[in-house]
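Protein chains in written order, with the working numbering: chain A, 25 to 280; chain B, 340 to 617.
Rather than coming from a laboratory, the hints here were simulated on the basis of the structure.
Stretch-level coverage of chain B by chain A, calculated; a stretch enters the list once three of its residues show a Cβ under 8 angstroms from a Cβ in chain A:
(1) 383-395
(2) 412-418
(3) 439-448
The structure presented is a predicted model; accordingly, all values stated were derived computationally and were not measured.
Just so you know, even glycine gets a beta-carbon here, dropped at the ideal spot from N, CA and C.
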Amino acid sequence: MLDAIAHLGRAVLNFIREAGGLFLLLGRILRFSPRVFKDRDLFFEQAINIGYNSIPIVIMVGAFTGAVSAWQTNYQIEGYVPLRYLGLATFKAVVIELGPVLTALILAGRVGASIAAELGTMRVTEQIDALESLAINSVRYLAVPRFFAALFMMPALVTLADFTAIAGAWLVALLLLDIPTATFFSEIPKFFRVFDIIAGLIKAFVFGGIISLVGCHIGFRTEGGAEGVGRSTIRSFVLSAVLILIADYLLATIFF
Amino acid sequence: MIEIRNLVKSFGPQKPVLRGVNLVIRTGESVVIIGRSGCGKSVMLKLITALMPPDSGQVLIDGEDLVTLQEQDVYRVRQKFGVLFQSAALFDSMTVYENIALGLWEHTTKSEEEISRIVAEKLALVDLPGTENLKPAELSGGMKKRVGLARAIAMSPEYVLYDEPTTGLDPINADVINNLIIRLNERLKVTTIVVTHDMTSAYKIADRIVMLHRGVIIFDGTPDQVRNTTDEVVRQFIEGRAEGPIKQTAVVAANPDPGIIRHPVPKRVKLRSKVMPE
Ligand SMILES: Nc1ncnc2c1ncn2[C@@H]1O[C@H](COP(=O)(O)OP(=O)(O)OP(=O)(O)O)[C@@H](O)[C@H]1O
Ligand SMILES: [Mg+2]
Numbered sequence: 025m026l027d028a029i030a031h032l033g034r035a036v037l038n039f040i041r042e043a044g045g046l047f048l049l050l051g052r053i054l055r056f057s058p059r060v061f062k063d064r065d066l067f068f069e070q071a072i073n074i075g076y077n078s079i080p081i082v083i084m085v086g087a088f089t090g091a092v093s094a095w096q097t098n099y100q101i102e103g104y105v106p107l108r109y110l111g112l113a114t115f116k117a118v119v120i121e122l123g124p125v126l127t128a129l130i131l132a133g134r135v136g137a138s139i140a141a142e143l144g145t146m147r148v149t150e151q152i153d154a155l156e157s158l159a160i161n162s163v164r165y166l167a168v169p170r171f172f173a174a175l176f177m178m179p180a181l182v183t184l185a186d187f188t189a190i191a192g193a194w195l196v197a198l199l200l201l202d203i204p205t206a207t208f209f210s211e212i213p214k215f216f217r218v219f220d221i222i223a224g225l226i227k228a229f230v231f232g233g234i235i236s237l238v239g240c241h242i243g244f245r246t247e248g249g250a251e252g253v254g255r256s257t258i259r260s261f262v263l264s265a266v267l268i269l270i271a272d273y274l275l276a277t278i279f280f
Numbered sequence: 340m341i342e343i344r345n346l347v348k349s350f351g352p353q354k355p356v357l358r359g360v361n362l363v364i365r366t367g368e369s370v371v372i373i374g375r376s377g378c379g380k381s382v383m384l385k386l387i388t389a390l391m392p393p394d395s396g397q398v399l400i401d402g403e404d405l406v407t408l409q410e411q412d413v414y415r416v417r418q419k420f421g422v423l424f425q426s427a428a429l430f431d432s433m434t435v436y437e438n439i440a441l442g443l444w445e446h447t448t449k450s451e452e453e454i455s456r457i458v459a460e461k462l463a464l465v466d467l468p469g470t471e472n473l474k475p476a477e478l479s480g481g482m483k484k485r486v487g488l489a490r491a492i493a494m495s496p497e498y499v500l501y502d503e504p505t506t507g508l509d510p511i512n513a514d515v516i517n518n519l520i521i522r523l524n525e526r527l528k529v530t531t532i533v534v535t536h537d538m539t540s541a542y543k544i545a546d547r548i549v550m551l552h553r554g555v556i557i558f559d560g561t562p563d564q565v566r567n568t569t570d571e572v573v574r575q576f577i578e579g580r581a582e583g584p585i586k587q588t589a590v591v592a593a594n595p596d597p598g599i600i601r602h603p604v605p606k607r608v609k610l611r612s613k614v615m616p617e
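Whenever a hint applies, use it, and build me the whole structure from the sequences.
Written as structure tokens, this is what we have:
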């Protein structure tokens with residue numbers, strides 16, 4: 025019992041220390057933010073890496089998210105809510121919650137873990153020391169472009185995921201649930217709130233920041249060779265996933 | 340001038356590495372640091388360039404203490420340095436050209452033609468002309484070392500630190516590098532610190548040879564003084580004998596010194612790591 029408490033205590037302390045490290049890094053990144061314009065080549069390189077190269081997986085995630093949520097919503101509301109509300113329910117769920125969160129969780133794996141692995145490898149092979157020895161600030165050169173690229177690419181990717189999700193839901197409704205297109209979309213304009221879209225995009229923005237910040241932080245702190253890089257990859261994914269879920273909850277309580 | 344005063348560094352309480360190093364390297368001098376594997380030579384080079392913070396002590400570069408300088412001043416001072424890492428530490432996402440050009444892109448306003456001329460010139464110096472477009476993964480160990488050297492001298496630094504420049508090179512290339520180090524030192528007045536196990540190269544390069552042993556400098560003298568020393572520890576090292584005052588255990592556990600219990604490592608003084616990413 026005491027052991028369990030001690031264990032929990034250590035875990036909490038670790039988490040707090042990690043969070044402190046994240047804020048420190050965030051501060052240093054923000055201090056260099058004016059340099060993004062001067063270092064725009066680095067920024068675009070990362071924007072392509074993080075944004076463009078994620079498009080296929082984001083389309084996959086979007087399409088299946090939409091398809092599943094249409095199917096499940098149909099199951100849940102069948103019999104007591106008219107089916108013309110199916111499109112609306114799916115639309116809101118996707119835009120507010122499913123699009124941002126599922127995209128972020130997938131990208132925590134695809135983008136965050138790869139940032140941690142890349143910077144971790146650079147750390148253990150002394151490439152970060154080499155960069156610093158050339159009087160180049162490693163936070164500015166490595167973390168800043170990755171952070172801002174993820175920050176700005178994430179809303180774009182979530183928008184893409186939202187569109188494909190609604191397309192997926194519409195196809196399921198049309199082909200499998202026999203709901204005509206006009207019925208599926210009929211209620212959406214009546215209950216459409218711009219704020220829902222904005223809230224979803226703000227979430228995306230925050231999640232993008234979390235993914236890249238955690239990836240950079242864990243990557244920089246890597247030690248212990250190839251094994252350490254492997255550990256960093258996992259830790260980066262787990263920590264960003266946890267923080268994404270916590271942030272999602274906090275943002276939901278603020279917005280709605 | 341580089342002045343190292345009472346430099347102490349340990350990795351946890353069980354692992355003291357440097358236990359009060361004092362060393363002055365005058366401008367234009369060429370100093371070779373020798374010592375057993377794991378005795379802290381590479382760590383010392385990293386402390387000299389503020390790549391890691393010491394536990395206590397001072398590193399003065401032309402009178403400025405790296406340990407207490409503001410971050411932007413640390414970067415300014417670092418521009419005086421060129422560092423060849425033991426592992427070469429080439430940026431493996433970049434070509435040889437980009438590796439060498441990076442510092443010039445970041446810190447100068449030179450045109451691309453001028454930069455490519457400098458890169459070609461440095462590559463010729465390390466006997467690797469025409470390798471600009473290769474990636475580090477396509478190079479042999481010795482070639483990586485030489486590209487690392489070209490990168491270290493690309494900005495024509497005042498101080499060059501070489502961590503085992505000739506390890507992994509064939510004897511002919513090793514001599515090319517020795518001659519290059521000597522030439523940079525003599526003609527361009529580059530202050531030189533070389534860490535090496537290669538005594539041939541040490542005798543050839545050094546104005547002074549210092550030996551690091553159990554966390555302190557135990558010998559400091561000219562190559563001739565080294566050859567004629569009666570110090571048993573130094574003799575054993577330069578003659579490469581397994582028997583002598585240096586015991587095998589010295590390798591296993593960093594710097595085990597029974598005295599460490601009676602004379603504990605000086606208490607950690609307040610030091611911020613301003614330069615390392617967290
Ligand atoms: N980042 C680190 N974390 C923990 N211990 C370290 C670290 N860097 C070095 N050490 C330890 O410090 C000691 C000195 O290491 P260093 O690399 O300076 O040795 P060296 O004299 O350069 O040896 P070699 O001749 O084999 O290169 C070693 O015991 C090493 O394990
Ligand atoms: Mg070494």
